[in-house]
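Here the protein sequences come in this chain order: A and B.
Going by my numbering, the first residue of the first sequence is number 14, and it counts up by one from there.
Going by my numbering, the first residue of the second sequence is number 1239, and it counts up by one from there.
None of these hints come from the bench; they were simulated from the model.
Treat the numbers as computed from the prediction; the structure is a model and nothing was measured.
Among the clues, some could well be false.
List of simulated lysine to aspartate or glutamate pairs, EDC-like, C-alpha gap at most 20 Å [to be verified]:
{"id": "1", "chain 1": "A", "residue 1": "LYS489", "chain 2": "B", "residue 2": "GLU1435"}
{"id": "2", "chain 1": "A", "residue 1": "LYS25", "chain 2": "B", "residue 2": "GLU1435"}
{"id": "3", "chain 1": "A", "residue 1": "LYS471", "chain 2": "B", "residue 2": "GLU1283"}
{"id": "4", "chain 1": "A", "residue 1": "LYS51", "chain 2": "B", "residue 2": "ASP1268"}
{"id": "5", "chain 1": "A", "residue 1": "LYS53", "chain 2": "B", "residue 2": "GLU1419"}
{"id": "6", "chain 1": "B", "residue 1": "LYS1415", "chain 2": "A", "residue 2": "ASP46"}
{"id": "7", "chain 1": "A", "residue 1": "LYS471", "chain 2": "B", "residue 2": "GLU1442"}
{"id": "8", "chain 1": "A", "residue 1": "LYS453", "chain 2": "B", "residue 2": "ASP1268"}
{"id": "9", "chain 1": "A", "residue 1": "LYS212", "chain 2": "A", "residue 2": "GLU146"}
{"id": "10", "chain 1": "A", "residue 1": "LYS489", "chain 2": "B", "residue 2": "GLU1419"}
{"id": "11", "chain 1": "A", "residue 1": "LYS51", "chain 2": "B", "residue 2": "GLU1288"}
{"id": "12", "chain 1": "A", "residue 1": "LYS51", "chain 2": "B", "residue 2": "GLU1283"}
{"id": "13", "chain 1": "A", "residue 1": "LYS53", "chain 2": "B", "residue 2": "GLU1435"}
{"id": "14", "chain 1": "A", "residue 1": "LYS471", "chain 2": "B", "residue 2": "GLU1476"}
{"id": "15", "chain 1": "B", "residue 1": "LYS1336", "chain 2": "A", "residue 2": "GLU386"}
{"id": "16", "chain 1": "A", "residue 1": "LYS484", "chain 2": "B", "residue 2": "GLU1278"}
{"id": "17", "chain 1": "A", "residue 1": "LYS484", "chain 2": "B", "residue 2": "ASP1268"}
Chain residues, written in single-letter form:
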Amino acid sequence: MSVQHYQASQFKQQASDALANQTLRSNFRGAMDYLQQKRKDAFSDPQELAQLREHAENIRQRCLSKLPQLLEQLEKNCQANGIQVHWAEDAKQAQQLIAELIQSQGATKVVKGKSMVTEEIELNQHLEGLGIECVESDMGEYIVQLAKETPSHIIMPAIHKNKQQVADLFQQHIKDFDYTLSVDKLIQTGREALRTKFKQAEVGISGVNFAVAETGTLCLVENEGNGRMTTTVPPVHIAVTGIEKVVEFLSDVPPLFSILTRSATGQHITTYFNMISGPRRAPERDGPNEVHLVLLDNGRSQAYADEALRKTLQCIRCGACMNHCPVYTRVGGHAYGTTYPGPIGKIISPHLQGLAQTSDLVTASSLCGACEEVCPVKIPIPSLLQRLRHDAKLPAAEQTPSLKGQASAASWTEHTAWRMWAWLSTHPSIYNWAMAVGVKLAKYLPMPMGEWTRCRNKPELASQTFHQTMKRRASKSLTRSATGGGR
Amino acid sequence: MSETGLRIYPSKPSKVYFYATCLLDLLDPDGGLAAIELIEREGVEVIWVEKQSCCGQPAYTSGYQEQAKTVALSQMGLFPKDYPIVVMSGSCAGMMFKHYPHLFANDDIYADQAEAFAERVFEFSEFLAHICRAKLHDQGPLTSVVLHTSCSGRRELGIHASSQALLSQLDKVELKKAEYESECCGFGGSFSLRHSEISQAMVEDKARHLQGSGASYLVSADWGCLANINGHLAYRGEASRFNGQHLASFLWQRTKGAKA
């Protein structure tokens, strides 16, 4: 059975299904409430938070401003450390490259730590097709893999499931599982099942949280120790990362790490923080013999090319925007049909998949601004959504060549309607007349309000507009002053 | 608005321009009159510019920036004197304060004008609380009220506390808190039509939380949210007197017999 596949273009249907699923909604509400509180507790001093955010934003902007040269420096320093560096322009190239690396070892057993970029390139499915078993070693990812699903959150992939659902999955897939709803026992069961996989694996695949150009170091943030096992036990380690994850200096890492973990799970630090600076050296007794780094573009350079959209790449993948988004909280991650769901997904996915596929995502926000408020690196997500909405609606003639799928949501009727609205709004006397007629006629017309009346009555319009009210008020006060009256 | 949320306010002016917004124009002229009475009571003359229409936000949030710009430009031209502009809805104030400068940021001719215009924009509760420093004397009977703070007021203007500051001056009104106070009501302009099912889930929760506060009255300084929440309350047949009203109406009803 292949993985349950969701599509960004099917967002509306998928969201509708999710909204109807009461278990899913209560799982998400509970989890998001918990994570919001954890973050709040971790940043109890607003002054400190403001400074940290400013600092983190500056680091990310500085590093992105010199991205091409930092990537070259990273490559050079990684190679000097004995890490083999590879470049992939798109998902397909990355799939092939990684598969070849695995096959050149004659390997068929792979473990993989949590890495959203490998979800983005659908690595598991590709490897499976080549007869290579790739087991997820992060507990959440492992659960999701057993369920034949994709992650529903970028930090907590199985957050949409409750313990009952996990226990049922384990019963189905893990031999001799002693059925329990104890979370500790469930985790223990998962860990034991994975322990065997680590021992057997010939290749370990991981993501990268920060790649340090200055030293050629790959940093990996994790809580379970599976990342360390994945990157040290198998004889070959392949790290995969998007090109935007590079930072300039080693000293850029601590502030980013600190604000990443607190924004994500409310932890001041994680249980493990790995810094990988090359394969095993003599006389070291453990660690892989080979370390590879795959640098993936897959649409990122499109965002990079535009000064405003470049801010999208500041993201350090903490998931705080999801945890605080009222839309994500209600529909969950799968509804988006993208690797990165929630607010950040809405602004990064158009670069990965094109605007034609994702034009419903960019409108699926009330622009409430909760995402921008919590973003540790201050990405102006609502403004970027506005920008992408604009690009999706551009009439074809106004296209600039920077964005895939530009103008894909353009509609002549909608455009004309807004032009008429603009004309009306800039012709005061006609506008006032139209509004006055509108409020007079509204009650006699069976005005269809379509989607509005799904859960609301038609707005009750006043018997006269404010413009009319003020006209009467003015004429009354004129009469008053003429007759010497007052208030 | 900065994280510390501080805007430096001018001293009380002698005159202000009044920006009703298209929602108030159509839905709540009485709220507009109440606001004018409250401002005039503070000794500030209110100038009504009849040619105003809409701030342009509907086009802007729908991705039609050119149309939004056209409308924004026409509105910016209507208030030539240097007086503050008092805006009767948080989201429209947010549009004029935050998004006008953004819309014209790369415009050689209008960038400065948009910046200068934005500086003069104040949402009604912000103006009454921080510039007039109004002292309110409660004349009404004992009751309770719950405030819905809008996302624009909170995150674009940083003034979610100013409505609360005004209401807390009313000594016979208990100000109740709703759960999930800072969460969006699900309006979002065209969002409520394009993604009506998600919007529905949001407004259902919002209405439940507001009613769960146990307050007798609902007030807000944002007519976008009120149109959404009131529409839903009415749909459920639960509107009655809990139906949300503009903060100005409530304040005026409670204080109109009082001397300033």
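### Query
Within 20 Å, alpha carbon to alpha carbon, are A:LYS53 and B:GLU1435?
With Cα atoms ~29 Å apart, A:LYS53 and B:GLU1435 exceed 20 Å; violated.
### Query
Can the restraint linking A:LYS453 and B:ASP1268 be considered satisfied, given a maximum Cα separation of 20 Å?
OK: A:LYS453 and B:ASP1268 at ~17 Å, within 20 Å.
### Message
Tell me if the straight-line CA distance from A:LYS212 to A:GLU146 falls inside 20 Å.
### Response
Holds, at roughly 14 Å.
### Query
Between A:LYS471 and B:GLU1283, is the straight-line Cα distance small enough, at 20 Å or below?
violated, 35 Å
### Task
Below or equal to 20 Å on CA atoms is what counts here, so check A:LYS51 against B:GLU1283.
violated, 49 Å
### Query
Hey, A:LYS471 versus B:GLU1442, does the alpha-carbon distance stay inside 20 Å?
Since the Cα atoms of A:LYS471 and B:GLU1442 sit roughly 16 Å apart, the hinted pair holds (cutoff 20 Å).
#### Entry: 20 Å Cα cutoff - pair A:LYS484, B:GLU1278
holds, 18 Å
### Query
Can the restraint linking A:LYS489 and B:GLU1435 be considered satisfied, given a maximum Cα separation of 20 Å?
violated, 47 Å
### Task
Take the C-alpha atoms of B:LYS1415 and A:ASP46, compute the straight-line distance between them, and say whether it is at most 20 Å.
holds, 18 Å
### Message
Between the alpha carbons of A:LYS484 and B:ASP1268, is the straight-line distance 20 Å or under?
### Response
Judged against 20 Å, a Cα distance of about 14 Å means the pair holds.
### Query
Is the hinted pair B:LYS1336 and A:GLU386 satisfied, with a Cα-Cα distance of at most 20 Å?
holds, 15 Å
### Message
For A:LYS53 and B:GLU1419, compute the direct alpha-carbon distance and say whether it is at most 20 Å.
### Response
holds, 15 Å
In this structure, the earlier hints numbered 1, 3, 4, 10, 11, 12 and 13 are contradicted, and the remaining ones agree with it.
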